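Novice: Just so you know, the protein sequences line up as chains A and B, in that order.
Yeah, the first sequence ends on 390 if you go by our numbering, and it's all consecutive.
Yeah, the second sequence ends on 390 if you go by our numbering, and it's all consecutive.
Source of the hints: derived by calculation from the structure; they are not laboratory data.
Just so you know, these numbers come straight off a predicted model, no measurement behind them.
Incorrect hints may have been included.
Identical chains blur together in the list; that is why a pair holds if it fits in one copy or across any two.
[Claimed, not checked] As a list, the in silico PhoX-like pairs of lysine-lysine whose alpha-carbon atoms are at most 25 angstroms apart:
| # | residue 1 | residue 2 |
| --- | --- | --- |
| 1 | Lys328 | Lys375 |
| 2 | Lys92 | Lys111 |
| 3 | Lys351 | Lys389 |
| 4 | Lys376 | Lys86 |
| 5 | Lys351 | Lys341 |
| 6 | Lys361 | Lys389 |
| 7 | Lys335 | Lys308 |
| 8 | Lys363 | Lys351 |
| 9 | Lys86 | Lys122 |
| 10 | Lys153 | Lys351 |
| 11 | Lys122 | Lys92 |
| 12 | Lys363 | Lys114 |
| 13 | Lys318 | Lys290 |
| 14 | Lys351 | Lys362 |
| 15 | Lys351 | Lys361 |
| 16 | Lys376 | Lys333 |
Number of protein chains: 2
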Amino acid sequence: MTDEFLNNLVDKIRASDKRSIAKALTIIENESEGNEKLLKGLYKFTGKAHRIGITGPPGAGKSTVTNGLLKLMNEKGLKTGVIAVDPTSPFTGGALLGDRIRMQDSGLLENVFIRSMATRGSLGGLCKNVVEACDVLDASGKDFIIIETVGVGQSELDIAQTADTTLVILVPESGDSVQAMKAGLMEIADIFVLNKSDRDGADAVAATIKNIIHLKPPTPDNWIIDVLKSTASKNIGIEELFEKILEHKSHLMKSGYLKTKRQQQLKKKITELLTNKLTVSFWGEDKKKYLNDNLELISEKKTDPYTFVEGMLDKK
Amino acid sequence: MTDEFLNNLVDKIRASDKRSIAKALTIIENESEGNEKLLKGLYKFTGKAHRIGITGPPGAGKSTVTNGLLKLMNEKGLKTGVIAVDPTSPFTGGALLGDRIRMQDSGLLENVFIRSMATRGSLGGLCKNVVEACDVLDASGKDFIIIETVGVGQSELDIAQTADTTLVILVPESGDSVQAMKAGLMEIADIFVLNKSDRDGADAVAATIKNIIHLKPPTPDNWIIDVLKSTASKNIGIEELFEKILEHKSHLMKSGYLKTKRQQQLKKKITELLTNKLTVSFWGEDKKKYLNDNLELISEKKTDPYTFVEGMLDKK
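Chain A extracted, bound-state conformation (with noise of 0.2 angstroms):
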């Protein structure tokens, strides 16, 4: 990548130019040549965006709602952009094909900007570029940027580490898992959103989200975490729901959380950079050659992967 393209993408992704936006998100996606010299010029415009992460059961209605968010922010005049990492939602194309058409429309909206990743071998859990793939869109003057994933297990971590509100999308249906789920979901919500509220049981799953979440020790600035009834695909509780993330967001900004949040994720993204290239760096081609060359050794119990290992890092 010359300095010459590279000057001239990022000059137009600062335009909020769709296509130059989606080139780079291939370019990140795809960890193409020149990926990291992009990113680094692009840094500097980013933090301004609010990321909010969506996230619940498979069903729960999270691309619905994102919908409906993202509609109501684009009357509002804002910029929005959307990182689908939820191989189940209509935005990456998981889904079926009613829901999908179903979608669409805001995505044709000007200031809204939809892309799909890959979810990490394609098995679940955030893909590793998200936090750069959100790092281009924030760059290109978005407010607010939505990443959706489906939330069970470790890409609930990941996206509580990622967004700074985190909305949990329940159904009444939940009902049964939303005890189960306590140790997971109930952990990182800011805002609990229960979806599809004119069904049965509405009322009692949403009494059973406020009792678990008096349970739970207070955040670090004293958010209080709200349980928000919505019926998306009616537009029913989205502009409260905008509310409650604005009040979030202030109070984020307010209380400082915001900065410490920030700070946070700069730490492992740094961390995670550096495991990287460490290991990146350590596993050439005689190393790989080396460990495949001895892996019927340890199969038999020659030796022993412990002191292998070892062996290998003497060698270094």
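Starting from the known structure of chain A, fit chain B onto it as the hints suggest.
Specialist: What follows is chain B alone, placed relative to chain A:
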């Protein structure tokens, strides 16, 4: 850890002494002093147990199926161990009291050893020492080891890479999600179990799963993935499931794919061990301080994370 203590502990583990197994698992889970020395000492006695991964959404009945299999294997005089890393599993104490009581019966059997492990950051995913915990049970002479984990996201991939045979447990109610989850759970199953199959819609869901299986490329060893029905709470279908597991085990051995799988597991273990040792040895106190001292500077965009990381590597 003295050599005498180690040899004594290894001997007792090999004699299947429950207290010694528990002690070893605690050392490994906490990564206490002597942790690696113990694993080195046990390694040559591992590799005999067949490892069964059990995963699926919360509420699918993973623990009930596990319990059924444990009782059956116990009746057949087989020795079994369970590592439960599912935050929703009664084994780990994550669920309701009723469940927990229901499960204790198999835990009291002489030839069954059950251990729960905390999940990584209490947010799901396989905790990092699960493989090592299985090695302890393996060295203690277990015939089968069951690893139970809640399945969505990264934990699925982990379990599929750790287990010899992966069971995915679904319920008729998963219907909606089956399509949605195909990118995840669908990819890793060696055997599907449709539990609670006395409920409405079981046949339709079974048919859907079968359709999805047909769309998949064949496994490297041409194993035919099947969908079994069970009602584990009434002990229905457990015998057939166990037969199918034995069939898969024998298929893996005949095709030679078990050896390939085990070598892949070994390679993964060595790679992770190396990454861990490289990063631990990199992050001395001076480097940690240097990072903390400079976080503010990077936040203020005086430099960027990429340039900063290059600088840290050069300093090395």
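Novice: Compare the structure with the hints numbered earlier in the document and write down the numbers of the violated ones, lowest to highest.
Specialist: The structure conflicts with hints 7, 10, although it agrees with all the remaining ones.
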